[in-house]
Each structure stands twice: as structure tokens, then as C-alpha cells.
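Residue numbers (this note's numbering): 110 to 675.
Hints listed in this document are in silico derivations from the structure and should not be mistaken for laboratory results.
Quick reminder that beta carbons are idealized off the backbone N, C-alpha and C, glycines included.
One or more hints might be untrue.
[As the list claims (entries may be wrong)] Below 25 Å or equal to it, Euclidean Cα-Cα: the simulated DSS-like pairs (lysine-lysine) are:
id	residue 1	residue 2
1	Lys652	Lys669
2	Lys652	Lys663
3	Lys557	Lys583
4	Lys382	Lys331
5	Lys652	Lys583
6	Lys335	Lys382
[As the list claims (entries may be wrong)] For each label pair, taking beta carbons as the anchor points, the in silico distance ranges come out as:
id	residue 1	residue 2	range
7	Pro424	Pro630	22 to 28 Å
8	Arg287	Ala448	39 to 45 Å
9	Thr637	Phe570	29 to 35 Å
10	Gln350	Gly205	46 to 52 Å
11	Asp470	Gly646	30 to 36 Å
12	Asp459	Gly383	35 to 41 Å
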Amino acid sequence: MGKSILVLYTSSNLVSDDKDCDTCANNLEHPISPSEHDVDKLLAELAPMIDSGRCRCLTSDGGAAWRLTTRQRVNILHLVCTYGPVGLIDDLLEAGCDPNEPTPATGTTPLHYLCRSESIPSDEAVAAVDKLLGRGVDVNSVDRRRNGALHLAINNRNSQLAMLLIDRGSCLDVVNDRGETPLLISTGQSMEQVVMELCQMGADPNTKDDNMMLALNVAIYKYNKKMVVALLDNPRVDVDQLGVCKNGHVMTPPLLLAASCGYDEAVELLLDKGAAVDCVDEYDNSPLILAACVDDLDTVRLLLAHNADANLAHPDGYGPLHFAAWEGHSDICRLLMEAGGAPVNGTTNDGSTPLALACHDDYTDTVELLLDHGADVNIRNDDGQAAIHYCAYNGNLNLVTLLLGRGADPDVENRLGVTPLWNAVYAAAPAVVRLLIQCNVRLDVPSKGVEQAAERPFLIFDQPRTPLYVACTKNPSLVRVLVLAGVRLERETWLLAGNIPEELAVDCELYDWLMRQATRPPSLLRITREVLRRLIGINPHDKVQGLQLPREMKDFLVLKSFPGDL
110 MGKSILVLYT
120 SSNLVSDDKD
130 CDTCANNLEH
140 PISPSEHDVD
150 KLLAELAPMI
160 DSGRCRCLTS
170 DGGAAWRLTT
180 RQRVNILHLV
190 CTYGPVGLID
200 DLLEAGCDPN
210 EPTPATGTTP
220 LHYLCRSESI
230 PSDEAVAAVD
240 KLLGRGVDVN
250 SVDRRRNGAL
260 HLAINNRNSQ
270 LAMLLIDRGS
280 CLDVVNDRGE
290 TPLLISTGQS
300 MEQVVMELCQ
310 MGADPNTKDD
320 NMMLALNVAI
330 YKYNKKMVVA
340 LLDNPRVDVD
350 QLGVCKNGHV
360 MTPPLLLAAS
370 CGYDEAVELL
380 LDKGAAVDCV
390 DEYDNSPLIL
400 AACVDDLDTV
410 RLLLAHNADA
420 NLAHPDGYGP
430 LHFAAWEGHS
440 DICRLLMEAG
450 GAPVNGTTND
460 GSTPLALACH
470 DDYTDTVELL
480 LDHGADVNIR
490 NDDGQAAIHY
500 CAYNGNLNLV
510 TLLLGRGADP
520 DVENRLGVTP
530 LWNAVYAAAP
540 AVVRLLIQCN
550 VRLDVPSKGV
560 EQAAERPFLI
570 FDQPRTPLYV
580 ACTKNPSLVR
590 VLVLAGVRLE
600 RETWLLAGNI
610 PEELAVDCEL
620 YDWLMRQATR
630 PPSLLRITRE
640 VLRRLIGINP
650 HDKVQGLQLP
660 REMKDFLVLK
670 SFPGDL
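Work out the full structure: start from the sequences and follow the hints.
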């Protein structure tokens with residue numbers, strides 16, 4: 110039935126004027142919806158109208174005319190090329206249908222519909238396209254969005270059809286209204302065979318889409334070595350190409366992208382092709398910085414072997430070693446120092462060292478490595494922060510012990526008067542507090558404190574507070590430790606004035622004990638130890654051991670059994 114109706118339609122003059130019946134055009138859209146790929150059903154819908162030459166909603170004067178189209182002016186050849194059966198194409202062409210006719214709204218030709226059809230099997234679509242091209246159809250016609258048949262076939266992931274179009278002379282570098290070439294789209298679709306064919310045929314690999322995306326960058330994103338190799342083997346490729354996106358951002362060079370993805374195979378291929386080893390992106394990241402951040406040891410080794418500058422840093426002074434230390438990537442740090450010559454004590458613009466950055470997040474292995482390579486434990490940043498401040502703030506006994514063993518000053522103050530003891534008390538870390546007390550640090554240095562765990566550090570108190578006050582708010586059990594260690598309660602003005610923290614006020618027993626300590630004289634034994642320790646100074650252990658005193662007295666002075674010895 111279908112063939113005879115089509116012949117009847119195409120050989121009859123069913124259009125009497127330039128008017129169209131929108132009602133029937135609308136009705137005709139439904140039988141061709143994507144869920145009903147049945148041209149016979151469409152033809153059955155059209156048969157009564159074809160037989161009469163008029164549409165179903167005749168006007169009273171009988172003068173309505175119609176065209177066999179939808180509102181988008183899609184004719185029957187367009188529909189057959191979209192939904193099949195493709196066997197009708199020959200009949201339609203013999204009946205006079207124009208194989209190059211574009212739809213007025215979108216400029217889509219029958220060839221375009223065949224290339225983008227999801228209903229027609231691939232082999233049938235290839236045969237139908239071959240037939241159209243044999244009848245002189247323009248292989249390079251584009252629709253209103255400047256998509257050619259090759260764009261559409263690749264978007265439809267039809268490799269066989271794409272290869273046919275390439276063989277029949279499709280323009281390889283035509284750009285659609287999104288700036289995409291067939292090579293860019295096929296790379297995004299991971300169509301390896303098409304990508305390799307396009308590259309061998311000389312397609313331009315340097316065309317960027319509206320988002321400044323290169324085919325090479327897309328291949329790297331997809332970790333597809335075959336496509337990367339094909340693109341790099343293209344003699345036209347520019348491995349260091351840059352550009353600016355519509356939003357003002359600068360395009361990421363391929364080597365930087367490969368380094369940030371941890372794709373060391375692509376890094377090696379790019380370097381072998383002469384990519385600039387020290388290129389940077391708009392944020393001043395170098396490939397070495399990015400590889401250090403993602404802990405890609407192989408890529409770091411490759412970059413250093415190609416003479417990457419291990420001291421190339423951001424404008425703020427943060428270089429590869431700083432980032433690696435901050436992330437706790439010990440093996441990367443070792444390689445940067447030993448093979449790259451990165452200085453272990455190199456400081457950023459704000460004075461931060463790799464050691465301080467490693468201490469910030471408790472990376473013990475990295476801290477030990479940096480110390481073994483000569484890191485200075487007492488370098489302070491612009492805020493006066495030393496590495497031990499961070500470890501004490503984190504309550505990390507092992508790292509505090511390690512730093513003290515390497516000569517860290519246990520009583521160092523930052524610009525706000527924060528000491529390691531203040532931080533340890535705030536962290537409610539009793540073991541660290543006791544260790545610092547044994548180092549004979551000052552017990553009553555007040556500070557507003559800095560909340561370092563926040564994204565943006567901020568002051569903790571609105572006025573300077575002593576470690577004893579902080580202990581009352583964070584860990585009341587530390588109050589006894591500090592008092593017995595020698596806190597001068599007469600200097601704790603808040604206590605004498607009755608400005609008691611809420612946390613202390615609810616602990617009646619501790620409050621009563623503290624008030625008794627504040628109002629009665631200390632024992633002679635306690636006074637003696639406090640005086641002697643003040644005379645001895647910081648880190649009294651070695652000094653006391655040299656005194657001619659009984660062992661019990663030495664242990665008492667160095668607080669070996671503190672606080673149980675009082």
C-alpha cells in the first residue's frame with residue numbers, strides 16, 4: 110500500500126495555493142513521533158487526504174489546500190530518511206522528491222536526517238547515504254547550526270557512516286555554531302577509528318570550540334592513548350597552544366592538563382613532542398606543581414628528567430615542594446629535594462616553610478623527611494607562627510615531641526601572643542600540655558588565640574586570655590595541672606574579679622578548689638620548685654642533670670612525676 114500511495118501523492122498536484130492547514134499539519138506530527146517509527150501508519154493517516162486531494166478539516170467553501178508536511182515543513186522524504194523504511198527512498202526520488210531540499214526552519218536535508226537517525230540500522234543508513242551521494246547530493250551542505258553530515262554522523266556515533274562521508278570528500282575542518290569540528294566531536298565520542306582517519310587525512314587538530322577545548326585536551330581527559338598518539342602524530346598539532354575562552358578564562362595547555370590528571374603516558378608523549386615543560390596556566394600552576402599536588406611520582410620524575418624547574422612558584426611563593434608538603438606527599442618531597450634541588454627551607458611570601466605546611470595537617474612521615482633534610486624547626490611566618498604552633502594546636506604529641514627533639518623553641522610566641530602551650534590547652538591535649546610544662550615554658554602568657562582549623566582563621570576570644578582561663582573553657586581537668594605547675598594565680602585578674610567562665614562555674618568542686626588555691630599561700634616545696642625552674646629557664650632537663658643533687662631532687666625539678674609529686 111505504501112508505495113502506491115506515495116506514487117499517487119508525488120504524481121498529483123495536491124497543493125492548490127500557498128496556504129497550509131495548520132490543524133492537519135499538527136495532526137500529522139503525531140504519527141511521526143520518535144515513539145512511533147512506522148511510516149505505514151503515517152501513510153494510512155494520509156491516505157484519505159491523498160485520495161481526495163484535500164485535508165480533513167475542509168472549510169465551508171471547500172477551498173482549503175494543504176501540503177504533506179509538518180509545521181516544520183518536513184516532507185515525506187525527510188520522514189523516510191529519519192524513520193525508514195529506506196527502501197522507499199528510490200521511489201521518492203523517482204517520483205521527483207528533491208534529495209537536497211532543506212527544511213526551511215532548520216536547514217536539515219534528507220542526508221542530514223539519515224546521518225542523525227537513531228531509528229535506521231547503521232548498515233541501512235550507510236547504504237542509503239551511499240545511494241544519495243551517488244545521485245549528486247551535496248556531502249558538505251550544512252544546516253542552520255552549521256552542522257554538516259559528518260558532524261551529525263559522528264554525533265550519532267556511527268563510525269561506518271562517518272568513514273564513508275570522509276571517503277566521499279566531506280570537509281574535515283568545517284566548524285559548527287559551537288565551534289566544533291568533526292575531529293573535536295569524534296574525540297569527545299571516543300571514536301578512535303574516526304579520529305585516526307581524520308588525523309591521517311590532515312584534519313586541523315588546533316581548532317578550539319567555544320569553550321577553548323582542543324581535541325588533544327579531550328583525548329587527555331579521556332585517558333585515551335590511541336587518540337592522543339594520533340593527534341600528536343598529526344604534523345599540524347601545536348602542543349603548547351593557548352587561547353582565551355568566551356568567559357575570559359585562559360585555555361589549559363595539554364601538558365598541564367595531563368599532569369593534573371596524573372596521566373603520565375600523555376605527559377611523556379607531550380614532552381617527547383617538545384611541549385614546554387615549565388608552561389603555566391592562568392592560575393600560575395606549572396605541570397610540576399600539579400603533579401606534586403596529585404601525588405603522581407612518575408610524572409614528577411618525568412618532568413624533572415626534562416629539566417622542569419623545581420623552584421618555579423606561584424606569585425605568592427608557593428612552589429612544588431610547598432604543595433607536596435602541604436598534601437603530605439613524602440615521596441614527591443624527597444624527589445623534589447634530591448633530584449630537583451628544591452630548598453627545604455624555602456619560604457612563601459607569607460613566610461611559610463614546607464615543614465610548617467606539613468605540620469599543619471599532621472603529616473608525620475613528611476615532617477620527619479623534611480627534618481632529615483635539614484628543615485629549620487624555628488622559622489616563623491609573617492604571623493610569627495612556627496611549626497610547633499600547628500602541632501600543638503592539633504594536639505599531636507608525637508610531632509611536638511619530634512620537633513622539640515630537633516631543637517624547636519617550646520615557648521615561641523606568634524604575633525598575637527599565642528604559645529604552643531596556649532594552643533595545646535585550647536586543643537584539650539593533656540599529654541602535650543604536660544610535655545610543654547616539663548620544658549619549663551611560661552604558663553601565663555595571654556592571647557586572643559587564632560582558630561586555625563577554619564577556612565579563614567579568626568580570633569577565638571575578644572580579649573587576651575591566659576592558658577588557665579582557656580583550660581576552664583576547654584578542659585577543666587587541665588586547671589589543676591596548670592595550677593600545680595606554678596601558674597601565678599595572683600596574676601589571673603579574671604579569677605580574682607569573679608569573672609568565671611560558665612564551664613568552671615558549673616563545676617563546683619573544681620571552682621572551690623581553685624579559689625582555695627588562689628586565697629592561701631602555696632607550700633614551701635612548690636615555691637622552691639617554681640623559683641628554681643624560673644632560674645633554670647627553658648628546657649631544664651639537661652641543665653638539671655649537671656647539678657650535684659640527689660636523683661630524687663633532679664626528678665622533682667624536671668617534673669618527672671608531675672603532677673602527682675605535689
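Here is how each hint holds up against the structure:
Taking the CA atoms of lysine 652 and lysine 669, the gap is near 14 Å; set against the 25 Å cutoff, the hint holds. Between lysine 652 and lysine 663, the direct Cα distance comes to roughly 10 Å. Compliance with the 25 Å bound is thereby established for this hinted pair. For a cut-off of 25 Å, the pair hint linking lysine 557 to lysine 583 stands: about 14 Å separates their Cα positions. For the suggested pair lysine 382 and lysine 331, the alpha carbons sit about 20 Å apart, so the restraint of at most 25 Å is met.
At most 25 Å may separate the alpha-carbon atoms for a hinted pair to count; lysine 652 and lysine 583 exceed this at roughly 33 Å. For the hint pairing lysine 335 with lysine 382, the CA-to-CA distance comes to about 16 Å; that is within 25 Å, so the pair holds. Separated by about 60 Å at the C-beta atoms, proline 424 and proline 630 break the suggested range of 22 to 28 Å. Judged by the Cβ atoms, the range 39 to 45 Å given for arginine 287 and alanine 448 holds: they are separated by roughly 44 Å.
For the pair threonine 637 and phenylalanine 570, the supplied restraint of 29 to 35 Å holds, since their beta-carbon distance comes to about 34 Å. Distance hint check for glutamine 350 and glycine 205: the Cβ-Cβ separation is about 50 Å, which falls inside the suggested range of 46 to 52 Å. In this structure the supplied range 30 to 36 Å holds for aspartate 470 paired with glycine 646, their Cβ-Cβ distance being about 32 Å. The hint said 35 to 41 Å for the Cβ distance between aspartate 459 and glycine 383, and at roughly 36 Å that hint holds.
Going down the numbered hints, you'll see the structure goes against 5, 7, while the others check out.
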